[in-house]
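**Student:** Residue numbers (the working numbering), protein chains in the order written: chain A, -16 to 261; chain B, 4 to 331.
Because the hints were derived from the structure by calculation, they are not lab data.
Bear in mind that the values here come from a model prediction, so they are computed numbers and not experimental data.
Ideal Cβ positions, reconstructed from N, Cα and C, are used throughout, including at glycine.
Some hints here could point you the wrong way.
To be verified - Ranges between beta-carbon positions, derived for each pair:
hint	chain 1	residue 1	chain 2	residue 2	range
1	B	Asp40	A	Leu82	56 to 66 angstroms
2	B	Gly303	A	Pro45	47 to 57 angstroms
3	B	Gly151	A	Gly241	20 to 30 angstroms
4	A	Val97	B	Pro17	52 to 62 angstroms
5	A	Gly69	B	Asp133	37 to 47 angstroms
6	A	Glu212	B	Thr174	31 to 41 angstroms
7	B	Pro246	A	Lys254	50 to 60 angstroms
8	B	Lys271	A	Pro180	41 to 51 angstroms
9	A	Val214	B	Glu301	26 to 36 angstroms
10	A	Pro45	B	Asp106	26 to 36 angstroms
11	B	Gly151	A	Asn43	20 to 30 angstroms
12	B	Asp106	A	Gly69	28 to 38 angstroms
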Amino acid sequence: MEVSDKEIRELEEKAREIRKWVVRMTGTAGSGHPGGSLSEVDILTALYFKVLRHDPKNPNWPHRDRFILSKGHGCPALYAALALSGYFPVESLLTLRKLGSPLQGHPDKRMLPVLEASTGSLGQGLSIAIGMALAGKLDGKDYRIYALMGDGESQEGQVWEAAMFAGHHRLDNLTAILDYNEFQLDDALLKILSLEPLTNKWRAFNWHVIEVDGHHIPRIIEGLQEARETVGKPSIIIAHTVKGKGVSFMERNNEFHGKAPTPQQVEQALKELESQSE
Amino acid sequence: MNLTKSQPIPVASPPFKLGKPTREAYGEALLELGKMDPRIVVLDADLSKSTMTRIFAREFPDRFFNFGIAEADMVGASAGLAASGKIPFVSSFACFLTCKAYDQMRISVCLPGFNVKFVASHGGISVGEDGPSQQSIEDIALMSSLPGMVVIVPADELETKEAVKAIYSHTGPCYIRTCRPKAPILYTESCAFQIGKANLLREGNDLTLIANGLLVAEALLAAEELEKEGIHSRVLDMHTIKPVDEGAIEAAARETGAILTCEEATIKGGLGAAVAQSAARSCPVPMDFIAIPDTYAESGKPEELFDRYGLTAKHIARKARSLLQRKT
């Protein structure tokens, strides 16, 4: 997949735009999960603005690639990516978490039908993706399925049930992406429950493992390309990320796992993100 | 509410002949549907020989997925299959499917309202010798608590087949509980099965026995016994617990003045609770409940367990007599 320097700069600008929305959305809502939303932004940008085969004007297109946000609490970034892709007006982003809004606190397909699934109880997205991968194989369709998972989420037993199944059935139309930001709600993963050795675990479950810097958009795109070209095995992209990425006072500050920025913090964060633009 | 009189559906007379287990009727019905509709896929968690999904698996191996002993993953995957236009039928033992994968049913399937059909075998204590870890007494309460879930307990093989067809035609998540032992044959021709519409099996004006599953046969036997004493029981097969037939409940309350529910599930949150809630709103009358008391059962032969935990015709008749004392 060719990516020109110009295109990379455009994608990076898109990522900054999503980050600004995450800050504004959670700030306006007065609640939400900015830390884990900001860590996944570059992955979502690579997917929605380069890799995914999708048509925002035809969200039910049968041949579309499917994306599932298994770490449902990261939905502000997903909503922003969807709006900037043209699935719904960006103005509605500021209704996040408000009564009657399609932008629920966690992804709810009932309220926002362009979502592929409802998530929010951790550990479920990879299994849903497996169902879609099986259907794709049964129907002889070449769409791909992507599931973005959290690192804390990977402590759920269901993730490993799913890993075993997908490896056994060689679901090579399935790509998992791990947002490895090293923090969970209570503390650092290493203090609560370590996943390591993580690459060995996934390899042992018969997956192709790709490690990337989760904030380096060209490298993410390369990783997704490698996953697409991998035959006979599902792939996982372990993306090393920084929780709160892009906002100095949120980076690796786990206070912002599930706390919204104050109006002053929103202003400061937007100023910082603005200054990162060329 | 429409309370028009209807004629009882003709059913077999006691002693009832034993037919197939309802789980086997499910397996056969699934095969028939599978032949008709290629969108049907079947998921099991290493119990296909017991849930009888292997009847389908043998014929359609490409549309059968054995997830191994991993119920959560299986139910999650059913959501993805349904999202892709398939009609997944998902089976395991009732206790494992509803308890181990409750959260996946809740968020992956029911929250978006995906069209997944859960058919769980080995419901209730009629599982028998395997004991309380395998006996599902909680499934009806759990499944009824999920918004949008249809919950059905059929009584015999014919009704099971019609129920399976009915949930196939219904769009949205559904749960059917089947049982392990052979079920008495009640319906001889058709049971005109409709989701949410109780079947009137016997007319009477002294009280109404509202039963489902294996307890329908017991209720009919109890009605015979009571008849000898001059007590005329109406008997309803309330195969659908959710949505429950509120019209039939109101009519039973108004026309017979007392209701006794009969089910093979915990007394907390099952058929009895659904009927009581409905009658309390429309026409409160004296009620009582035949169900498994708030306890775990034990190993034993199904008939021994039915006797010990108070689910036989004898227990139903006894409770009916004391209920009638409370009628004004």
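**Student:** So which of the earlier hints does this model not fit?
**Tutor:** Checked against the structure, the hints that fail are numbers 1, 5, 9, while the rest are satisfied.
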